[in-house]
Every structure is written in C-alpha cells, then in structure tokens.
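A.B. asks: Chains as they are written, first to last, in this note's numbering: chain A, 1 to 222; chain B, 1001 to 1230.
No wet-lab data here; the hints were simulated from the structure.
Watch out, some of these pointers could steer you wrong.
Unchecked claim - Reference listing, derived: stretches of chain B covered by chain A, where coverage requires no fewer than 3 residues with Cβ under 8 Å from a Cβ of chain A:
#1 1025 to 1032
#2 1131 to 1142
To be verified - Below, in silico cross-link-like pairs of lysine-lysine (DSS-like), each with a Cα-Cα straight-line distance of 25 Å or less:
#3 A:LYS71 / B:LYS1169
#4 A:LYS71 / B:LYS1002
#5 B:LYS1194 / B:LYS1011
#6 B:LYS1194 / B:LYS1087
#7 B:LYS1002 / B:LYS1215
#8 B:LYS1194 / B:LYS1014
#9 B:LYS1194 / A:LYS71
#10 A:LYS9 / B:LYS1131
No residue lacks a Cβ here, since even glycine has one placed at the ideal position from N, Cα and C.
Residue strings, one per chain:
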Amino acid sequence: MEALWLSMKLAACVAAILLLIGTPVAYWLAFSSWRGKFLLESLVALPLVLPPTVLGFYALVTMGPRGPLGKLWIALFGHGLAFTFGGLILASVLYSFPFAVQPLIASFGGVDQKLLDASAVLGAGGLRTFWRVILPLSLPGVVTAAVLSFAHTLGEFGVVLLVGGNLAGVTRTVSIDIYDHVQSLEYAAANRMALLLLAISFAGLSVVYAVNRRVWTPWAAK
Amino acid sequence: MKFAMGELSEKFEKQTGNKVNVTFGSSGNFFSQMQNGAPFDLFFSADIEYPKKLEAAGLAEPGTLCEYAVGRIVIWTPADAKMDVNKQGWEILLDASVEKIAIANPQHAPYGRAAVAALRKAGVYELVGAKLVYGENISQAAQFVQSGNAQAGIVALSLAVSPAMRDGKRWEIPEEMHPALEQGAIVVKDAKNKDSARAFLEFVKSAAGRAILAKDGFAFPEKTGKEEKR
C-alpha cells in the first residue's frame, strides 16, 4: 500500500508540473509559424517511441556525479538526484511529457480561428485571449493531458527501475512492487496490487473518454 | 554468467557443430515462463532452487539436475575511487565518501541475498543499511556504481572480471561469509533438442567448461566450505 500511495503522489506531482510547463510549450507549438517547429515537435514526441530503458539509462547518467545535471544538483543540495523522489519526478516528467503536451496542442489548435480573430478585434491581447477564449474551450484537452500524464506515470516501470534504486517509501513505486512480488513468486500479492492498479487506470481513462465524448462535463456548461 | 556463457557456447559450437541459442534474463522470470511452457531446452540458473522447483513440478528431465558452479561476490569500486577496497575490505563501505552502496535486490536476486548475508556476517549491515540501493539484478547494481550514482557495490565476481569492469578495484568477499551461491541447471523435459542439450550440459561440467567458468569468476561445489582460494 505504501508503494501505491507513493505512486499516486509521484503521478500527482508529475501531472501538476506537466500542466504548468506543458501549457506554454503546447501553446507555442500550436500557434508558432516557425518553419523549424517540426524539430521541436519530434523532440517532444521522442519519449513515446524511445524504450524506457534508454530514457532511464540516460537519466541515470545525467543525474550521476559526472553528468551535468548531477553536478549542478550536488552543488546546490549536496546530494545526488538518483535514488531520490525528486529524481523520480524529473525522470517521469521527461517520460510523460508527450502525454501532457500532445492533447494540449490538439485542443489549443482546434479552437476556431474566428473566435481568436474576434477576441483580437475586441482588443484582447494574446494572454487575455488565452485565458478567456482558448483555455475555456480547451478544457477537455486539459483534463486529458492531466489524466493521461497521471495514469502514464502511475504505470511507469522501466525508467523508475533504472534510476530509482528500489527504496521503500522513496522510490519503490507500485509497478516496481508488483514486479518484486512476481519475481519472488508471490503471485497472490502481485495480483492484488495489479488489480488495484488496473481499476485506477481504467477509472482514469474512462474520465478522459467521458469528457471527450461530452458524456460528462465536470464544469458547468455555459 | 553472460560472458562465460558466450564463450562456452562458442567452444561447444566449434567442437560439435551444434548451434546454441542463449537467452539471458533473471532466473525468476525464466522460472515463471518455463512453468507456462516457454520453449527452452536447457536452463542455467543463478540459484539452484529454481531448477529444483522445476524438477519437483515434473518439468525437468529426470537425472539432469546438477550444480555446475558456485558464484562468488566482491565489493567493487571504480578505478578512481579514493579508497582501496583490496586493502581495506569492508571498511570502505563505512567511509563517509561512500554515500550509496548498490546491491541486487535481496528479495529475489540470489546475489543480493548473499550480499546482505555477508554484510550481516561482517557486522556492518546496521551501519550501512541506509546507504543501500537495490538493482533489479546484479548487472543493474553494477550499473549504479559505474555511472557514479553509487560509490561502491557488491556484485558477482563473474561481472567484476568482465571487460567493462575489469579495470575497477575489487575485493573478493570470503565465501564462508554467505550461503553458497549454488548455480544449478536442468535439461527441460519437453526439450526439442534433448540430446544436444544434454551434450552441452556435459560440456559445461567438463574440464574444458570448468576452465572457462573459472576464468570468468566462478568457483566449484567441491571447493566451497574448504579453505578459501585466492
């Protein structure tokens, strides 16, 4: 249970951070007309196709005392990033990045251009248009981004395995815990945890699809 | 085992013309897979308990269960470590410069269990417990040290003598300090190539096979419990 709680905490932190940094990135990617934009789009999508072992290995090396990030972190805080909750958050933010940014790009880009023009004609600046027009119309995308990055982090295994060090209460997430049970041939315990994880993930995904199909709107319709 | 197995199968292929396809992974994973019908002919395990369980479940060819080698563990540090583990042994783990010590997960990795047993026997487990980080297997524990995230690790001697780690510093933990790491093998009952599987197992147990295993950091059953060989 400690592992499940830890995973929920990790997933919540990662989803919050991703909404914060993913929103401006997605805004830029949705509206910029820079020709080289496709390069950044590819970069953002990279975690979708890279094996978690590759991401995890690079994260481990970067966080190490010889890596750039590790050096900086040790200078600032006096200890390394690997085997800490902070290290897990960082690795997970990288790993789940496209799961937050891509739904945001899609919904920002899907807002009717006429509404944006109208907003501009009425004298609203870019930021005001974003808050008053784009964001309210993109709420399903925001919910999708939040839930997908939460669920994806919850189910993350390879990256955590590579940078976590399996410390109880710090880096032993639920997927690692399940793996340990299976390895120790404790199938019943693994099953219990796995079913719980399955139920949570199913509930999360159902929220995404319900919101996108307008079966359910968690905010008042105007 | 990875390095020794590569060499063993190469020699065997040359001698007999039989092709050996090796799949590396954790003993526990293979155990679960073989219980569910994975199509392997021969199973080498870092822990003889798994082949024993397969035999008990009737999945092993009768009479083939054997202990083909004994694993050894070492404390390993990178070559540029301040401390010389070869001279100071356990003591380096207590030093303040060693913040993290990587071992394999004792919950399911036999080398991890041996590491914990040896730490307890040496009387330092309580002192270093908070420094321990756990790799999923012994190679991952080694990776934690190689990447500099942990400053020392307890890994298999067979890994410490491998090309990537040979240059580091190591100290062999006396084998009486932990339960013997009995490496076991069986021929699978439903093996498709039963005869060549048997032949390969015999080759591994032969003098030529043992020479390769010894060079790659393994000891043998007869030697355990007796005086330590350096």
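A.B. asks: Each of the hints needs a verdict: does it hold here or not?
C.D. replies: Against the structure, the hints:
Three residues within the 8 Å Cβ limit are the bar, and the stretch 1025 to 1032 of chain B against chain A gives 5, so the coverage statement holds. Proximity of the stretch 1131 to 1142 of chain B to chain A, defined as three or more residues with a beta carbon under 8 Å from a beta carbon of that chain, is established by the 5 residues found. At roughly 24 Å between alpha-carbon atoms, LYS71 of chain A and LYS1169 of chain B fall within 25 Å of each other, so this suggested pair holds. Proximity of LYS71 of chain A to LYS1002 of chain B is assessed by CA-CA distance (about 33 Å); at most 25 Å being required, the pair is judged violated.
The straight-line distance between the Cα atoms of LYS1194 of chain B and LYS1011 of chain B is roughly 19 Å, inside the 25 Å bound, and the hint therefore holds. Distance restraint check for LYS1194 of chain B and LYS1087 of chain B: the Cα-Cα separation of roughly 48 Å exceeds the 25 Å cut-off, and the hinted pair is therefore not satisfied. Note on LYS1002 of chain B and LYS1215 of chain B: the hinted pairing holds, with a Cα-Cα distance of about 13 Å set against a maximum of 25 Å. Among the hinted pairs, LYS1194 of chain B with LYS1014 of chain B is consistent with the structure: their alpha-carbon atoms are about 19 Å apart, no more than 25 Å.
Between the alpha carbons of LYS1194 of chain B and LYS71 of chain A the distance comes to roughly 54 Å, so the proposed pair goes past 25 Å and is violated. Taking the CA atoms of LYS9 of chain A and LYS1131 of chain B, the gap is about 24 Å. The hint holds against a cut of 25 Å.
Consistency note: the structure conflicts with the earlier hints numbered 4, 6, 9.
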